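Q: With the sequences and hints as input, model every part of the structure.
With my numbering, the residue at position 222 of the sequence shown is 219, and numbering never jumps.
Please note that a few of the clues may not be correct.
Derived SDA-like pairs: lysine to any residue, alpha-carbon spacing no greater than 25 Å straight-line [what the hints assert, rightly or not]:
1) K128 x G91
2) K128 x F167
3) K214 x G8
4) K134 x A171
5) K194 x I28
6) K194 x D206
7) K74 x G103
8) K194 x L23
Have a look at the derived ranges for each label pair, beta carbon to beta carbon [claimed, not checked]:
9) L23 x P100: 23 to 29 Å
10) Q75 x M(-2): 17 to 23 Å
11) S(-1) x K134: 40 to 46 Å
Worth flagging that the hints you see were computed from the coordinates, not collected in a lab.
Just so you know, these numbers come straight off a predicted model, no measurement behind them.
We treat Cβ as the ideally placed atom computed from N, Cα and C, and that holds for glycine.
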Amino acid sequence: MSAIRREEIIGDCRLILGDCLEVLPLLGGGIDAVVTDPPYGIGQAAGMGGGGTDATGRWKRKPRIYAGNWDSARPSKQAFDAIVRAADQAIIWGGNYFADMLPQSGRWLFWDKLNAMPSYSDGEMAWTSLKGSSVKKFERCNNGPASNRDGERVHPTQKPVDLICWCLGFLPDARTILDPFMGSGTTGVACVKLGRKFIGIEIDETYFDIACERIRKAYAQPDIFVTSERPPEPTQEALL
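A: This is how it looks when you write it as structure tokens:
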């Protein structure tokens, strides 16, 4: 069976349905940066079923509809090693959950959710391979996560498009962005907004279809997702 179960080319976006560990070796070079938001494994810690890794370290997420087991397993160290090798620059949300599997970083990004609807926390951190020693904080966004027709968020940990546009601002020379845990395609939508090329990999067909739809809409109606012309300027905090 081919590692690439399905592939869609939408504008400058290449979307691949498959396991990122199996697909990454097939991509070759040309990736400038990784921006991604892997599953944190919170559900696993809480005793939820599903997911996990097999004997080869391949990720076996089972996220059919986002209930019970959507975040039941985090990727293996093998997966993180492959992701970090894929590009010289990387921004990985939830990096504090993966500290045991990532190199040390002196520069972190922090999303202060402020008045956002409460979820697991009032803020989230991203590990980066960026140079320097600081924490950059994002406090404002002009859009929230995409919703389905019933008003429900289409992915449980989906980030606002403005937040990902802000992340891409730290990568001004990166023209081709990879997201190996594409989910519902927010990184791809941000890349469309900012004129970047995008490669997204997603293991779950339901989310893959949602990502395809969102990215098509982003090309057809680019301002439907992001209302600001550019993301907010970052503020610098003392290193935590």
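Q: Hint by hint, note whether the structure agrees.
A: Results for each hint:
no.	hint	in the structure
1	K128 x G91	holds, 19 Å
2	K128 x F167	holds, 10 Å
3	K214 x G8	holds, 11 Å
4	K134 x A171	holds, 21 Å
5	K194 x I28	holds, 9 Å
6	K194 x D206	holds, 19 Å
7	K74 x G103	holds, 20 Å
8	K194 x L23	holds, 18 Å
9	L23 x P100: 23 to 29 Å	holds, 25 Å
10	Q75 x M(-2): 17 to 23 Å	holds, 20 Å
11	S(-1) x K134: 40 to 46 Å	holds, 43 Å
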